[in-house]
Amino acid sequence: MFEDFISQFWPSTIDGLALGAIYALVALGYTMVYGVLRLINFAHADIFMVGTFAALGTVQVLGVSDVGGAALIGVVALMAVVAAVISGGGAMLLELVAYRPLRKKGASRLAALISAIGASIFLQQLFATLLVPALFGTSKEGGRLPVDEHFVSRSNVIDAGPIEVSNDKLIIFVGAIVMMVALDQFVNRTRLGRGIRSTAQDPETAVLMGVNIDRVVSVTFLVGGAMAGVAAALYFLRFEQAWYFTGFLLGIKAFTAAVLGGIGNIRGALVGGFALGLFEMYGSSLFGSEWRDVVAFSVLILVLMFRPTGILGESLQQARA
Amino acid sequence: MMRVTGAVAMSAVLALGAVACGGDDGGSGGGGDSVTIGFMGDLTGENSGLVIPPKQGAQLAIDQYNAKNPKVKINFKTYDSQGKPEQASPLVQGAIKNDKIVALIGPAFSGESQATGPILEEAGVPSVSPSATDITLAQKGWKYWHRVVADDSVQSAGAAEFITGSLKAKKVFTVHDKQVYGKGLADAIAKAVQAKGVQTGTEGVDDKATDYSSTVNKIKQFNPDVVYYGGYYSVAGRLFKQLREAGYQGKVMSGDGSVATGLIDGAGEKNAQGALLSCGCNIDASGKSGKTAADFAAAYKQKYGTDVAIYSAEGYDAATALIKAVEAGKTDSKSINEYLKTVSFEGAGKQIKFAENGALATQDIFIYEVQGRAITLLGNSKEAKASS
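Protein chains in written order, with the numbering used here: chain A, 8 to 328; chain B, 21 to 408.
Incorrect hints may have been included.
Which chain A residues stay away from chain B? Per the calculated CB distances, all over 12 Å, these [to be verified]:
(1) LEU100
(2) ALA105
(3) ARG116
(4) THR136
(5) THR197
(6) ARG198
(7) GLY295
(8) ARG314
Pairwise CB distance ranges (calculated) [stated by the list, open to error]:
(9) GLY81(A) x GLU289(B): 23 to 33 Å
(10) ALA394(B) x LEU69(A): 26 to 36 Å
(11) GLU289(B) x ASN163(A): 20 to 30 Å
(12) LEU103(A) x ASP53(B): 32 to 42 Å
(13) PRO169(A) x ALA318(B): 39 to 49 Å
(14) ASN89(B) x ASP73(A): 21 to 31 Å
(15) LYS191(B) x SER72(A): 51 to 61 Å
Here are a few chain B residues that face chain A, going by a calculated C-beta distance under 10 Å [claimed, not checked]:
(16) GLN134
(17) SER233
(18) ASN237
Keep in mind that the hints were calculated from the coordinates and are not lab data.
Bear in mind that the values here come from a model prediction, so they are computed numbers and not experimental data.
Every residue gets a Cβ at the ideal spot worked out from N, C-alpha and C, and that includes glycine.
Just chain B, same shape as in the assembly (with noise of 0.2 Å):
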C-alpha cells in the first residue's frame, strides 16, 4: 500500500516536473534550429547504476555535436522514470506532447520499453534503446523502436556456449527475479544449456526481499556447477553474498544487468570474486577495439573523471545514429526514422546497422569475470575463458 501511494505521488510529481520543464523551451522541437531529444530510464532508483553510464555516453555525443556548431543544434533532455513501466508511460506523453521530442534514448529497460512502446508507435516517435534486451520487443512488429545491444536470445545463446563449452558444466541452476528481463533470460539459458544435456534447475526470487536462503538452502541440495543469475545487480550482490556464505562452492553468473560495481558492493569484494558475467554490451576501458572505442573511451574519461562503464558505449552510438539522422538535415520524427533504417557507421562499442525490426543486424555477446574490484573483460563469448 504504502509503496503505491509512494509511486503514485512520485510520478505525480516528474509528470509535473516535465510539464514545467516543458514550458521553457515549449515549441523548440520539430523543425527550426534546434531539436529536443530525449533520454529515459532509471537515473534515481535501485538499478540507475546501469543507467548513468548511457546517459553519459549520450550526453558526450550530443555535447560533442554542439561544440561544432551545427545548423540544428540538439537539446538533450533527460526524464528519469526509475525503471518503473508506471512511471515511464506518463513520462513519455509528456515528452512528447509538452516538449516535442523528436526521437528518445532509451528507455533503458525492457518492462518499460514494453510499455512505451505503443505511446511512441502511436506518437511516431523513433527511440533507440541502449539496453533494452527483451527478445519480444523486436517481434512486436513496431515500426519506430531499435537498439543497439544484442538480446537476450543471443546472450542466452552466447552465455550458454560459455557455460557449456569453456567452463564445462554438468549441472546448472538459473534463478530471476520473476521480471520480464530476468525471467526471460533465466529461463532461455535454462533451455538453451538443457539442450546440451545439461542437467538444470530454476528459482524465482522477491526483488525486494534481502532473505534469499530458501533458494540458497535449495542449490546447496542442487549442487549445481553454475549458478545462473537472470535481474538485476542489487539482487545478484545479495544472492551471491549468501551463497558464499553458506559455502557454496561453484561459479556465479549473471548477465548484463547485474554489470556493475553495484554488484561487488552488495556481495562484498571477496564474495564477488571469479563471478562473471555475460553481457552484450562492450566495456573498452583501453580502446583495444578500433580507433572509434580509444576516442570515446578517452573523452569520455577526461569529461567524466571515470573509465567507461556498462552501456556508455551503446548511450553514445545510440546518440551518434540520431546525431547522423540530424546533421543529415532530418528534423522531424517521421524522416528521422527513415533515415535510421539506413544508417550504418562503426560505432564506439560495435558495428551500428539496423534490421528491419530495429534490432542490430550483427550481435555479439561478451563475458566479464570480476577480478578485484574491477569487471574485466574476457573476450567474446565464443572465446572466453574463467580464470579459475
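Pulled out of the complex, with its shape left as it was, chain A reads as follows (with noise of 0.2 Å):
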C-alpha cells in the first residue's frame, strides 16, 4: 500500500495537477456566480460540455492529426479561444433566459436552482438529440463522439528520473495557471472587476453607487462560461473525448472543489481545484481506484468540519482589492 503510494508518487502528483488545473478552471464558475448571486449554478458543468464541443469543432475544422511542439500550442490556443467564446457566450445567454426572468420577478433561490437543474438536462438532451447529429453529422452510438482522428502527438518534455511530463500535461498546467492569473488581475485590477466585487459585497449598495448590476452578473457569466471553455479545451488536448454527459461528473467534482477552497473565492477555487486533483490520485495509489472517490470527499467532510467556509473561506466580497 506505501510502497504503491511511494513508487506511484510522481506520476500521481503530476496527472493530480493536470487533473486539479481543469478542476479549478470550471470551479471558477462556480464561485464567481456564487459569490455575484448565491446561486449554484448547476448548468456550469454544461457549459463546460459546450466547450469539448467547440474544441472538437475547431480540431476538425482544422483537420489536423498528430501535431506537436509549436503547432501543438497554436492548435490548443484556437481551441481554447474558440472554446471560450462560445461557452462564455452559451453562460450569457443562459443567464438572460434561465434567470434574469426568475431575478426580476424576486423569485426564491430554490427557484433559480431548479430552473439551473432543468437548463442543465435542457442542454444535455439538446446536444444528444439535436445538435451533436446536426453538426458533426455522425452521431456515433449515444451521443458520443469520439475523435476518429486523434490530433496530438505526445512526447515528454521533461524526463528527470521518476518526473516525467508529457507535453499535453505541461501545456494544461501552464495554460490553467495563466487563465487564472489573469482572472485574478481582471477582477482585481479593472473597473468590471470592482463592480463584480462591489455586487458581492452588498448588490444595494452596489446599485446606489451606480452599478449596473445586469452588466456585472452578465459579466460574471460570460467571464465564468469563457474559463469553463478554456478548461473544456485543455480537456479535449489531454483526453479527445467529446460526450453531451461530460459535464456531469466533472462539474460534480468541480462544484467539491470550489466549497472546498471556500466558495466564492476565486483563489479558494484555485487551492480546491489542485488539492482534490491531488487528493484522487494519491488516494487511488494508497488504496486503488476503487477508492478514488471516496478518499476525495472524505476529505472534503474533513476540511468542512474543522473549516466549514473551506481552505481559504474568505469570499470574493472580501477579497483585496
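Dock the two chains into a complex; use the hints.
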C-alpha cells in the first residue's frame, strides 16, 4: 500500500496537478456566480460540455492530426479561444433565459436552483438528440462523439528520473495558471472587476453607487463560461473525447473543489481544484482507484468539519482590492 | 442528482411510450392471427453498439418468417432500456401488461436481465437473451429464461487459456467497471490465470469518468504482459488510449462487451491496433462456418448494407428459436416455453440447444483481434494465435 504510494508518487502528483488544473478552471465559474448571485449554477457543467464540442469542431475544421511542439500550442490556443467564446456566450445566454426573468420577479433561490437543474438537463438532451447529429453528422452510438483522428502527438518534455511530464500535461498546467492569474488581475484591477466585487459585497449599495447589476451579472457569467471553455479545450487536448454527458461528473468534482477551497473565493477555487486533483490521485495510489472518490470526499468532509467555509474561507466580497 | 432526475424522467417517458403503443394493437397477442415478440436492450444509450446488431438480426429473422405468409404472423416490438436495470423493469411490465408479448428477446445485458428475470418468471413469459453472459443468471432456477451465448465462466476459461497458452503471459492485470458483468468477468479471468501460476493485479474504475491516470500509473508499475479489461467498449477505448499514450507496451485485451468498432473510435486507430477480444459470439462475415451462417451474412448485408456485427447472429438465432415454436403452433407463452426445451437446430452462429437451466448445451469462445479498422476473427480460443 505505502510502497505503491511511494513508487507512484511522482506520476500521481503530475496527473493530479493536470486534473486539478481543469477542476480549478471549472470551479471558477461556480464560485464567481455564487459570489455575485448566491446561486449554484448547476448548468455550468453543461457549459463546459458545450466547450468540449467547440474544441472538437475546431480540430475538425482545422483537419489536423498528430501535431506536436509549437504547432500543438497554436492549435490548443485556437481551440481555447473558440471554446471560450462559445462557452462564454452560452453562459451569458443561459443567464438571460434561465435566471434573469426569475431574478426580476424576485423568485426564491430555490426556484433558480430548479431552473439551473432544468437548464442542465435541457442542454444535455439538446446536444444528445439534436445538435451533435446536426453539426457533426455522424453521431456515434449513444451520442458519444469520439475523435477518429487523434490529433495530439505526445512526448515527454520533462524527463528527470521518476519525473516525466508529457507535453499535453505541461500545456494544461501552464495554460490553467495563466488563465487564473489573468482572472485574478481582472477581478482585482479593472473597473468591471470592481463592479463584480462590489455587487458580491452588497448589491443594493452597489446599485446606489451606480453599478449596473445586470451588466455585472452578465459579465460574471461570460467570464465564468469562458474559463469553462478554456478548461474544456485543455480537457479535450488530454482526453480527445466529447460527449453530451461529460459535464456531469466533472461538474460535480469542480463544484466540490469550489466548496473545498471556499465557495465565493476565486483563489480558493484554485487551491480547491489542485487539492482535489491531488487527493484523488494519492487516494487511488494508496487504496486503489475504486476508492478514488471515497478518499476525495472524505477529505472534503474532514476539511469542512474544521473549516466550514473551506480551506481559504474568505469570500469574494472580502477579497483584497 | 441530475442524472437520477434524468433517468426517472426518461423512464417515465419511455413507459408512457410503451403504454401508448400498446393501444395500437392491444389484444393482438396470445392466439389469433398474430403474436407479439418483444426485443429489449440498450438501443440509444452509451453501449447501443452491442445491441443494435442483435436487434437487426432478430428483425431479419422475423421479416423472413412473415414474408412466407404464415398462418400466425409475428409482430416485432422494440423496447429501449438504455441498458439500465431501473428502466428495464417498468418496460417489461408494460410489455407484458399492455402489449401482451408472448416472448421476449433480451434483455441484452446482464444487469437488466437480473432485474427483469423475476418479473418475466412471475408472468410466465419466456425470454431468450442474445448477449447476457453473467454466470449467476443461469443459477437462479428461472424456468422461463434462456440465452444463446456462452456465459462468463466459459468466456473466462477460454480467455485464460488463450492468455496463458498462446500469449504465454506471466503477469496479468485485470481492470473492471465495478458492474455485474465487468467485475464478474475480470475476477473470473484473474482466478483462472492465477491457477496457472500467473501473477495478477486488479483495479476497478468509474465508467462515467474520463481520467484513468491513476489506474494507468498502477499498471505501468506492475508492468504486466497482458491487461484485460472487463466491461464495455466505451471505457475500454478510453483506457487503452491512455495506456498506450503513457507508453505501456504489452498486450491489451477485453471481452465481448468491447467487440464493437466503438472501441477503435474511442482508443484511436493507432492505439487500438493488436487489441485482443474474447467473445462467445460468432461474427462470421464471410460465412465460413456453414451454410446457415453464409445465408445469414448475405441476407444481413443486403438488408442493412453492413457486415454482420457482434451478436447479430445471436439475435437471429434467438428469434429463430421463438419462430420455430410459433411455426409449431405454439402461440401462448407457456407452450412456447415448453417448446424451447426441445428445440435443436444449426443456427447462424452455432448449434442452438438449451440445457435445463436455459443456457446453451455446448459453449465455445472465439478470439478476435483489431487489425486496421476491423475486428478480425482469429479463431476458437483453443487454437487462436495473435498476429504479433
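For each hint, the structure was consulted:
1. LEU100: Label holds. Min Cβ-Cβ 20 Å, cutoff 12 Å.
2. ALA105: Nearest chain B Cβ is 14 Å from ALA105(A), so the label holds.
3. ARG116: Per Cβ check, ARG116(A) is outside 12 Å of chain B; nearest 16 Å; holds.
4. THR136: 9 Å, violated
5. THR197: THR197(A) is indeed farther than 12 Å from all Cβ atoms of chain B, at 34 Å.
6. ARG198: The assertion about ARG198(A) holds, with a minimum of 36 Å to chain B.
7. GLY295: 6 Å, violated
8. ARG314: Its Cβ never comes within 12 Å of chain B, the nearest being 25 Å, so this holds.
9. GLY81(A) x GLU289(B): 23 to 33 Å: Since the Cβ atoms of GLY81(A) and GLU289(B) sit about 24 Å apart, the hinted range of 23 to 33 Å holds.
10. ALA394(B) x LEU69(A): 26 to 36 Å: With a Cβ separation near 28 Å, ALA394(B) and LEU69(A) satisfy 26 to 36 Å, so the hint holds.
11. GLU289(B) x ASN163(A): 20 to 30 Å: Hint holds: Cβ distance 23 Å, inside 20 to 30 Å.
12. LEU103(A) x ASP53(B): 32 to 42 Å: 58 Å, violated
13. PRO169(A) x ALA318(B): 39 to 49 Å: 57 Å, violated
14. ASN89(B) x ASP73(A): 21 to 31 Å: 57 Å, violated
15. LYS191(B) x SER72(A): 51 to 61 Å: At 34 Å between Cβs, range violated.
16. GLN134: Given a least distance of 21 Å, the restraint on GLN134(B) is violated.
17. SER233: 4 Å, holds
18. ASN237: 4 Å, holds
The structure is inconsistent with the numbered hints 4, 7, 12, 13, 14, 15, 16, although it conforms to all the rest.
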